[in-house]
Structures are given as structure tokens and as C-alpha cells.
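Residue numbers (the working numbering): 1 to 161.
For the record, the hints were derived by calculation from the structure and aren't laboratory data. Here the structure is a predicted model, which is why all the values come from computation and not from measurement. Check each hint, because a few of them may be wrong.
Straight-line Cα separation of at most 16 angstroms, EDC-like style, residue types lysine to aspartate or glutamate; simulated pairs [what the hints assert, rightly or not]:
no., residue 1, residue 2
1, 156, 120
2, 158, 120
3, 156, 124
4, 127, 98
5, 133, 120
6, 108, 130
7, 127, 94
8, 133, 143
9, 58, 86
10, 25, 54
11, 61, 29
12, 158, 130
13, 137, 107
14, 108, 98
15, 133, 153
16, 150, 130
17, 25, 55
18, 127, 153
19, 158, 124
20, 61, 92
21, 25, 13
22, 133, 146
23, 156, 130
24, 25, 7
25, 25, 11
26, 68, 35
27, 150, 120
28, 58, 29
29, 108, 94
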Amino acid sequence: MNTRLEDLCLEADASIRNSAYLEAKQLYEQMLMDDPTSHHAHNCLGWLYKSQLDDYEKAEKHYRAAIKYAPSYPHPYINLSILLTDMERWIELELLLDTAKEVAAIDKCTVQVRFAIMYELRQDFYKAMDHFKNAAKLALNDERFEGIRKDIERCKLKLEL
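Starting from the given sequences, assemble the full structure and let the hints guide the process.
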């Protein structure tokens, strides 16, 4: 990334932190004008389109572009998995998560949690608990571990309904 792109990136990221979403969007779009393969700009635009503009089609396009241009960049995998979960596109989600778990820099605990959520929403509570247990083994802080333990308990309770 050249100095101009780095500056735009830092400015856009600061705009997000300040909830200046329009400004951030314009800066990320400028980054793409300068470098259409900027995985960071694509991922951040995907987040903006999903979380702030509710345009899932554009969000998906940008997340997939980020993955295409930087397959080892972990963030768009998680962001796209959340979008696919929201859209209940289970087959695509499972394929994405299978790919994501092989990405070196990705948070493996989060990938297992995303698998578990998918199964829980599909009411396959045994598979959900298996993935939550895998996630718990990968959790690196007590707060996250406790949250996952509660997720497992919730699935156990759902089995009794």
C-alpha cells in the first residue's frame, strides 16, 4: 500500500470510529479508485453496506472482493459469515467457514462459534454444542470462555423443549 492509500485508510478508519459513515464511505471509495484491489477498503465498505445501509447485496460483493484480492486477510471471512447467517444461506456459509478455518491469521475460536450459531439456528443442537465445545477449547480469555459455556448451556436447555 502506498503512502496515499495508507493515509486514506487511516482517515477512513478514524471516520468509522467517529461514526462519520458517509465520510468513511467516500474515503474507502477513493481508495478503490486508486487501487481497485484494496482488500481493506472492500472489507470496510462491506461492513458499511451491511451494518449502516442494510444493502446486503453490495456488502456481499465487497466482502467477496476482499477475500479474492487477499485470501489470507481474515476479517472478510467473519464479516461475510455473519451476513450469510443473517440471510440463512447455510450451504454457502458452511463452505465459507470450511475455507476460513484454514486461514492462518483467523481467530479459530470465532470460526467455531460461527459454525455453532449456524447449527443452533438450524436447531441441530448437538452439532451446535460440539462446535461451541471446540470454540471453548480455543478461547484465550475467561470472559469469552464463560460466554461460550453459557451458549452450550442454552443449547442443552433447548434440547429439553
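Against the structure, the hints:
| no. | hint | verdict |
| --- | --- | --- |
| 1 | 156 x 120 | holds, 11 angstroms |
| 2 | 158 x 120 | holds, 9 angstroms |
| 3 | 156 x 124 | holds, 11 angstroms |
| 4 | 127 x 98 | holds, 15 angstroms |
| 5 | 133 x 120 | holds, 13 angstroms |
| 6 | 108 x 130 | holds, 14 angstroms |
| 7 | 127 x 94 | holds, 13 angstroms |
| 8 | 133 x 143 | holds, 15 angstroms |
| 9 | 58 x 86 | holds, 15 angstroms |
| 10 | 25 x 54 | holds, 14 angstroms |
| 11 | 61 x 29 | holds, 14 angstroms |
| 12 | 158 x 130 | holds, 15 angstroms |
| 13 | 137 x 107 | holds, 12 angstroms |
| 14 | 108 x 98 | holds, 11 angstroms |
| 15 | 133 x 153 | holds, 11 angstroms |
| 16 | 150 x 130 | holds, 14 angstroms |
| 17 | 25 x 55 | holds, 13 angstroms |
| 18 | 127 x 153 | holds, 13 angstroms |
| 19 | 158 x 124 | holds, 10 angstroms |
| 20 | 61 x 92 | holds, 14 angstroms |
| 21 | 25 x 13 | holds, 10 angstroms |
| 22 | 133 x 146 | holds, 11 angstroms |
| 23 | 156 x 130 | holds, 11 angstroms |
| 24 | 25 x 7 | holds, 15 angstroms |
| 25 | 25 x 11 | holds, 11 angstroms |
| 26 | 68 x 35 | holds, 14 angstroms |
| 27 | 150 x 120 | holds, 13 angstroms |
| 28 | 58 x 29 | holds, 13 angstroms |
| 29 | 108 x 94 | holds, 15 angstroms |
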